[in-house]
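*Asks:* If you want the building blocks of each chain, they are given just below.
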Amino acid sequence: METNWSKVIEVFSSGIIGVFLVMVLLQILTQLSTRVIDLVESWGKDESSESEVKK
Amino acid sequence: MFDILKELIFSSGAVSLTGGNLVMWLVAFVLFYLAIKKQYEPLLLLPIAFGILVVNLPLTFLMEPEHGLIWFFYHYGIEFDIIPPLIFLGLGAMIDFGPLIANPKTLLLGAGAQAGLYVTFFAAILFGFDLQEAGSIAIIGGADGPTTIYLTSKLAPHLLGATAVSAYAYMALVPIIQPPMMKLLTTEHERKIVMTKLRPVSRLQKVCFPIVTAMTIMLVVPPAAPLISMLMLGNLFKESGVVERLTNASANELMNIVTIFLGLSIGATMTATTFLNPKVLFIFFLGLFAFVVSTGAGLLMAKLMNLFLKDKINPLIGAAGVSAVPMAARCVHKVGSEANRRNYLLMHAMGPNVAGVIGTVVAAAILLKNLG
Amino acid sequence: MPELVAPIAGNVWKILVSVGDKVELDDELVILEALKMETPIYCDDAGTVTEIKVKEGDAVNEDDVLIVID
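Just so you know, the protein sequences line up as chains X, P and W, in that order.
Heads up, our numbering is the position in the first sequence plus 33, with the first residue counted as 1.
Heads up, our numbering is the position in the second sequence plus 14, with the first residue counted as 1.
Heads up, our numbering is the position in the third sequence plus 8, with the first residue counted as 1.
Simulated from the structure, these hints should not be mistaken for lab results.
Hints are not guaranteed to be accurate.
[To be verified] Computed list of lysine-lysine pairs in BS3-like fashion (alpha-carbon distance at most 30 Å, straight line):
#1 K44/W to K326/P
#2 K211/P to K119/P
#3 K51/P to K44/W
#4 K78/X to K206/P
#5 K220/P to K51/P
#6 K44/W to K220/P
#7 K119/P to K22/W
#8 K51/P to K324/P
#9 K20/P to K197/P
#10 K78/X to K52/P
#11 K168/P to K40/X
#12 K52/P to K44/W
#13 K51/P to K63/W
#14 K211/P to K44/W
#15 K78/X to K119/P
#16 K44/W to K197/P
#17 K51/P to K30/W
#18 K206/P to K44/W
#19 K348/P to K63/W
#20 K63/W to K211/P
#21 K220/P to K30/W
These figures come from a predicted structure and were not determined experimentally.
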C-alpha cells in the first residue's frame, strides 16, 4: 500500500501542536480559576464564614 | 453403539483444533502465569487470558456474530463504546487532581510525554502499518488502557487484542522500563533536586477543576467527549462530597463489573487467525518503543521547562507524564529517593501523572479526528 | 525540640522506634504507606525519642508531627 506522506506529516504535526495547545489552554484556565477562587475565598473570610458554598 | 461414539468424537471440538489454537492456549497460559503468579495487572490480564482460552476452543461459537455470548459483550460493550467511558467514570471517581491544581505547570509535562506517542506513530508507518493502525499503536505510548481500547476499536478493531494486551502488560512493567531511561536522560544532580512544597488546594478549586476542564476540552476537541465527560463526571462526584454513594458505585461496583466484560471481550478478539500474525510481534515491539519514547519525551520536556523556571522542578517527574496512574509516579518517587533519600517526589509526580491521562485522551481525540 | 514531620500524606505503616530510644541522623524512624508504596522517613537530628504522636495504621497528612525528638 502506498503511504500518503503528506497525511502522515499532517497528523504528526497537528497532533503534537494540538495536544500542547489544549494543555496550555487548560493550564491558563486552571491558574485563572485558582486565582479567582483565592480572591473569592479571601473576600468571604472578611464578610462571613459561610463562603464555602458560594461560587 | 459404536456409531454414536464415533459421531460424538467427530462432533467434538477436539477434532477441529488447529495448530494456531494450541499456540493461543500457550499465550493464554503465559498470561495466566503473569496474572496469577506475578500479579501483573491481574484484574485485566486474568479475564483476558480466559477470553483467549475459550475463544480458541473450536465450535463453541462464543464470538459468533448475533449468537455468541461473548460477542454480545463485545458488541454492546466495546463496539458501542460503552465500557471504556464507564471505566473512565470510575477512574475519575478515584483520581485526586489536587497535585495538578496546586502546580498547573505539570499539565505541560502531561503534554510532553504525548509527543513520544506521535514519534511512535511515525515509526509504525515506517514499519508498514497503515495510518489507522499506526494511530492505534502509537496510543499505547499514552500508557492508558481504556483510551487505547477506545481508539483501537474505532480505528483498527482487528488489532484490539494486541494493542490492549501490550498497553496493560507494559503498564505493569513500568518499574522496569522507565528507570534506565530516567537515568540516561538526567544527571545525578538533577535527580537530587528537592521540589518546593505543593500549595494547599481548597475544596472549591477541586470542584471547579473537573467542570472547567470538561468544558474546555469538549469545546476544543469534541471527539474527546465520551471519555473526558465521564472522567470529569466521576471526579465531580468525588470532589463534590455530596454523592458518596454514586462515587463509590462508580469507583467500585460499576468499575469492577465492566472490567470483567472488558477483559473477557478483549481476550475473545484474540483468535488464532487474527492474533498469529507477524504484525502482532511488531505491535509489541512498537508498544515498548512507544513507552520508552514517551518517557524520554516527558523527561526532556521537564528539562526544557527548567531552562525557564526559577523554582526548578525535578526532571524525573516528567517521566510520570505517561499516564500509567500511579505506577509511573511511584517509579519516579523511587528513583528520586535513590538519588536523595530525603526526596519525596510522590505527590509532585502525581500532577504530571494525572495530566498524562488528560493528555492521552486529547491526543487520542485528535488522532480520531484526523484518521477516523 | 526537633520534630519529625510527615513529608507526604499517607498511612503509618510501621514505627521502628519507641520512646526513650537514642536515634542518629539518617536512622529510619517510620515507614509511611502512600499509594500502596512504602516510604521510609529518616531522622533529621540525633537525640532521644520523647514522644510518638501516631500509631501504626493512622492516616497522616503532610506536615503532621510523627515523632518528637529531644
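*Asks:* Check each numbered hint against the structure and report the violated ones by number, ascending.
*Replies:* Hint check: 4, 5, 7, 8, 9, 10, 13, 17 and 21 fail, others pass.
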